[in-house]
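Got chain A; can you put chain B on it based on the hints?
Sequences listed follow chains A and B, in order. In this text, residue positions in the first sequence follow the working numbering: the first is 1, and each later residue adds one. In this text, residue positions in the second sequence follow the working numbering: the first is 1, and each later residue adds one.
Keep in mind the hints are simulated off the structure, nothing from the lab. A hint or two may mislead.
Restraint ranges, calculated between C-beta atoms of paired labels, are given here [unchecked claim]:
id	chain 1	residue 1	chain 2	residue 2	range
1	B	91	A	96	33 to 41 Å
2	A	21	B	91	39 to 47 Å
3	A	232	B	170	20 to 28 Å
4	A	76	B	129	46 to 54 Å
The structure presented is a predicted model; accordingly, all values stated were derived computationally and were not measured. We put the beta carbon where it would ideally sit given N, CA and C, even for glycine.
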Amino acid sequence: MTRLAALLGLALLGLFPWLPLGPARLYILHVAVLILIWGFVGTAWALMGRFGLVSLGHGAFLGLGAYTTTLLWNFWGLSPWIGTPVAVAGAVLLALVFGYPCFRFRVVGHYFALVTLALGEVIRLLIIAERDWTGGSLGLTLKDAGTFNLAAIQFADKRIFYFVALAVWLVGLAVWWRVDRSMTRSALEAIGEDETAAASVGIPVTRFKLRITVVSAALTAVGGVLYAQYMTYLNQGTLAGIGVSLQIVFAVVLGGMYTLLGPTVGTAITIALAEYLRVVFGVKLLGMADTIYGLALILIIIFLPAGLYGGLAALAQRRPRPARALAG
Amino acid sequence: MDPILVAEAAVNGILLGGVLALLALGLNLIFGVVDIVWINYVELVMLGMYAVYWLVTAYGWPLPLAALASVALVAVLGALVHLLIIAPILSSPPVNQLLATGGLLFFLQSFATFLWATDHRSLRLALPILDVFGMFLSFARLLAFAVSLLAMLGLYLFLTRTYIGTAIRAVSQDREAMALMGADTRRVYLVTSGIGGAMAGLAGALLIIQYSVHPYFGAAFGPLTFMICVLGGLGNMVGAVVASLLISEVISVGGIITSTEMAYVVAFVIFIVAMFVRPEGILGRRE
Chain A
1 MTRLAALLGL ALLGLFPWLP LGPARLYILH VAVLILIWGF VGTAWALMGR FGLVSLGHGA
61 FLGLGAYTTT LLWNFWGLSP WIGTPVAVAG AVLLALVFGY PCFRFRVVGH YFALVTLALG
121 EVIRLLIIAE RDWTGGSLGL TLKDAGTFNL AAIQFADKRI FYFVALAVWL VGLAVWWRVD
181 RSMTRSALEA IGEDETAAAS VGIPVTRFKL RITVVSAALT AVGGVLYAQY MTYLNQGTLA
241 GIGVSLQIVF AVVLGGMYTL LGPTVGTAIT IALAEYLRVV FGVKLLGMAD TIYGLALILI
301 IIFLPAGLYG GLAALAQRRP RPARALAG
Chain B
1 MDPILVAEAA VNGILLGGVL ALLALGLNLI FGVVDIVWIN YVELVMLGMY AVYWLVTAYG
61 WPLPLAALAS VALVAVLGAL VHLLIIAPIL SSPPVNQLLA TGGLLFFLQS FATFLWATDH
121 RSLRLALPIL DVFGMFLSFA RLLAFAVSLL AMLGLYLFLT RTYIGTAIRA VSQDREAMAL
181 MGADTRRVYL VTSGIGGAMA GLAGALLIIQ YSVHPYFGAA FGPLTFMICV LGGLGNMVGA
241 VVASLLISEV ISVGGIITST EMAYVVAFVI FIVAMFVRPE GILGRRE
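Just chain A, same shape as in the assembly (with noise of 0.2 Å):
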């Protein structure tokens, strides 16, 4: 039954760029290619998020991987192919050197969301700093390689990203998939309750974390390329520090964090809201799309404090079921 709505589902968004979508084809595609990047960098957050790692700098990872690949590109011509590795290792190697003393110093709740908050807005403002190279806040835009180059990762057609995008984020639902059936889950499910307790029984607390931590961050450093080489233009605001930051988590936590697609619904329901605004009040009345957007995120949480899908899918499941309710 699962199975079979999840390949009609698969079906579906294979078949979606030849939709019959209206005149607004290429726009709607454009959002769907949106929501998958971000989907992936929320199912990303997610991984450390659901364990209580609440960070609030996963913008950090976006930064490092955006501006890595963009600047090899633009400066010695490298492709991203070969970039891209190097944004990871860059990601796995920050996750590792700020990661290992957060976890063995036991920094926790509200202060690893400080300490992270922090780091995101290290690696912002030190994009700033070096100006020369990253443009400063007035962003960054990557080198054209024209309308089809495969070495390059740049295609004028969108359906060729929507499909990139479409394969990266399955790639991150089979992570997050495998972590959920998988011994860590239960190791860091049991760590987020009580750390302690925990390492008591012997569960080795610290490399635990951190392995959830760099395998975060790996992906959302690959969220960061890949939204570097669709929007081919990149800004430290919206690639790294607070903003953006929040902006994940907002979508994480209004899907659900729980769930395998909570992630990614939050984030098509946030993009969505936005881009309905933004269309709605263009360009006059400025602001005013951003105050009901953040007047419905306070109203979101103070209402559906298990996010719209996660609420849904815990009142799906509050229904009888015979053989599950034995197996607990």
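Okay, now just chain B, sitting in the frame of chain A:
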């Protein structure tokens, strides 16, 4: 590098530290008592700045009166933030609480943009610049520093000498026990949020005489304030002051030696490392 410039930056650092300490104390109080980090705290300061700006320029109020109005207004806003947003989610997971105040941050920034556009607005006061041993010091900054010190003294007396102040300190030490003792924690939370707001309002009044205000004013000062608040240690007023001075010195002196951004980077790195080594704050006691 001209030593007089460095000295000037060092003095300016101390002066900025006073206002930052005020903010760190307000945030610290809320964090310590209600156990929630108001990510939107500096957005309240921004509203206080706008309040003074409009009262002075559009309605012709004298500056001190406008400053008092800002304190009162933002105190009410602080209490409202607690009543409308924090109170309903007191028992939610910490990430939800953090995000609710984050949503408020977006809301306040955008609403300010909607109301007043993104123009940088300054009072353009003609306050004198003092020449002290060859250093040029702005009178506005000295004034802000002195008022901050007075306000901190006032907060200290309030917390130690009044009944509700003692209750606030007691709740910050043990929430459950105080509730069991029959203390009205709801009232304590509300008063604390109001005082936190008042501090933000005062800081706004002190900042508008030095800086111009715009809807994204909080973006620069916000992360800095959380950092100082945590760096000083929860419930530790002396720690908050020491941390503000340390960070404002790094920013002020580092800013003229390298660049503003690099100085901020150094400040953030100091914070991160300090959290690893002394998570209870630089002057905190281990639990």
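Status of each hint after checking the structure:
One distance hint, 33 to 41 Å for the beta-carbon pair residue 91 of chain B and residue 96 of chain A, holds here, with the actual separation near 36 Å. Roughly 44 Å separates the CB atoms of residue 21 of chain A and residue 91 of chain B, a value that falls within the hinted 39 to 47 Å. One distance hint, 20 to 28 Å for the beta-carbon pair residue 232 of chain A and residue 170 of chain B, is violated here, with the actual separation near 58 Å. Range check, residue 76 of chain A to residue 129 of chain B: about 49 Å between beta-carbon atoms, so the 46 to 54 Å window is met.
Violated hints amount to a single one, hint 3; each of the other numbered hints is respected by the structure.
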